Amino acid sequence: MTGDATGDATDDRRAFVRASGVNVLGNAVKILFEGVVGLTFGSVALLADAAHSVADLVASVVVLVWGRSSFEEPDATHPHGHARIEPLTALFVGAVIALLGLNLLYDSAQGILHGVEVEFNFLLLAALGFSIVDMYLVYRYTELVNQRLESTSLAALATDCLNDIYTSFAAVVGVCGVLFGVPLLDPIAGGLVSLLVIYQGIEIGRENVDYLIGAAASPAQRAEITEALRSHPDVEGVHDLTVFYDGVVLEVEVHVEVDGDMPFREAHDIESELVDRLRSIDDVGDAHVHLDPSGIGEWKEQSDD
Numbered sequence: 001m002t003g004d005a006t007g008d009a010t011d012d013r014r015a016f017v018r019a020s021g022v023n024v025l026g027n028a029v030k031i032l033f034e035g036v037v038g039l040t041f042g043s044v045a046l047l048a049d050a051a052h053s054v055a056d057l058v059a060s061v062v063v064l065v066w067g068r069s070s071f072e073e074p075d076a077t078h079p080h081g082h083a084r085i086e087p088l089t090a091l092f093v094g095a096v097i098a099l100l101g102l103n104l105l106y107d108s109a110q111g112i113l114h115g116v117e118v119e120f121n122f123l124l125l126a127a128l129g130f131s132i133v134d135m136y137l138v139y140r141y142t143e144l145v146n147q148r149l150e151s152t153s154l155a156a157l158a159t160d161c162l163n164d165i166y167t168s169f170a171a172v173v174g175v176c177g178v179l180f181g182v183p184l185l186d187p188i189a190g191g192l193v194s195l196l197v198i199y200q201g202i203e204i205g206r207e208n209v210d211y212l213i214g215a216a217a218s219p220a221q222r223a224e225i226t227e228a229l230r231s232h233p234d235v236e237g238v239h240d241l242t243v244f245y246d247g248v249v250l251e252v253e254v255h256v257e258v259d260g261d262m263p264f265r266e267a268h269d270i271e272s273e274l275v276d277r278l279r280s281i282d283d284v285g286d287a288h289v290h291l292d293p294s295g296i297g298e299w300k301e302q303s304d305d
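Note that full-length UniProt numbering numbers the sequence shown so that position 17 is 17, with each residue one more than the last.
No lab work stands behind these hints: they were computed from the structure.
Given the structure is predicted, the values throughout are model-derived calculations rather than measurements.
Treat the hints with caution; some may be incorrect.
What follows is a set of in silico ranges between Cβ atoms, one per label pair, in the way DEER data are often shown [unchecked claim]:
no.: 1; residue 1: Cys176; residue 2: Val58; range: 28 to 34 Å
no.: 2; residue 1: Gly115; residue 2: Ile281; range: 53 to 59 Å
no.: 3; residue 1: Asp240; residue 2: Val133; range: 51 to 57 Å
no.: 4; residue 1: Asn103; residue 2: Leu179; range: 21 to 27 Å
Backbone N, C-alpha and C fix where the C-beta goes; we use that ideal spot for every residue, glycine too.
Using the sequences plus the hints, can you model the full thing?
As structure tokens, then:
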């Protein structure tokens, strides 16, 4: 690895640690502020929102401690690197989000069936307003950092920040319902938000399970890869193309047909050019190109895509 590449990896790791650390700090501040105000005025809505953020805090700590390992270089025990750690941490966050959504749905159903009791105070709204601003700033910073990193675990944390904002708005609706004599608004709003939270948790989990099990690339991605190979002037055929996820990046394995009488050094240069072409495609992490002499006609796939 070149010095520039090493420096980029170090910068990416530092940016990842800063973003996940901001999530840890943001959740901790929210828990403290909402917890104190909620206990003071007996607000179940605020205490529930603070409790929801405790799980978020755990998730962000896991990403901070575990997810940064994905930036480590390959070693003797992990010769292909540590890239799969990242979707694993994102899968954990997705599972936490889905479980929190189910818990919120249960609490909302209990509130609808049995009612809620909250002592209104404008400090409740102030605490919720603070929480919304807090989570929005954390969300924006995480999204900003992740524009360059494209980390699935940071994307999951950003989604979790949005969920926190939604649940806080639901709590605002509930507190306002108490103010205007309609406390049932609290569990109704919470129930609607919980369905969104569950859906987002499932979607995060589904995407990262695909990364972990080595799911195949989309037809559009396969077509782009095939075109990049076929457009080379010395390529006479493409067959046995396999494209799958290795962590969050695509791995390409392919056989390419060229003139069987060309010098070995020329064939080697063509292979290097094809590998570079494939690695320059978005989402492709590595490529393995095997050259075959054209015209033999014994391949499994004469013309892939």
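Each hint tested on the structure:
The hint said 28 to 34 Å for the Cβ distance between Cys176 and Val58, and at roughly 30 Å that hint holds. For Gly115 paired with Ile281, a C-beta distance near 58 Å keeps the hint of 53 to 59 Å intact. Range check, Asp240 to Val133: about 55 Å between beta-carbon atoms, so the 51 to 57 Å window is met. The supplied range of 21 to 27 Å is met by Asn103 and Leu179, whose beta-carbon atoms lie about 26 Å from each other.
Of the numbered hints given earlier, the model fails none.
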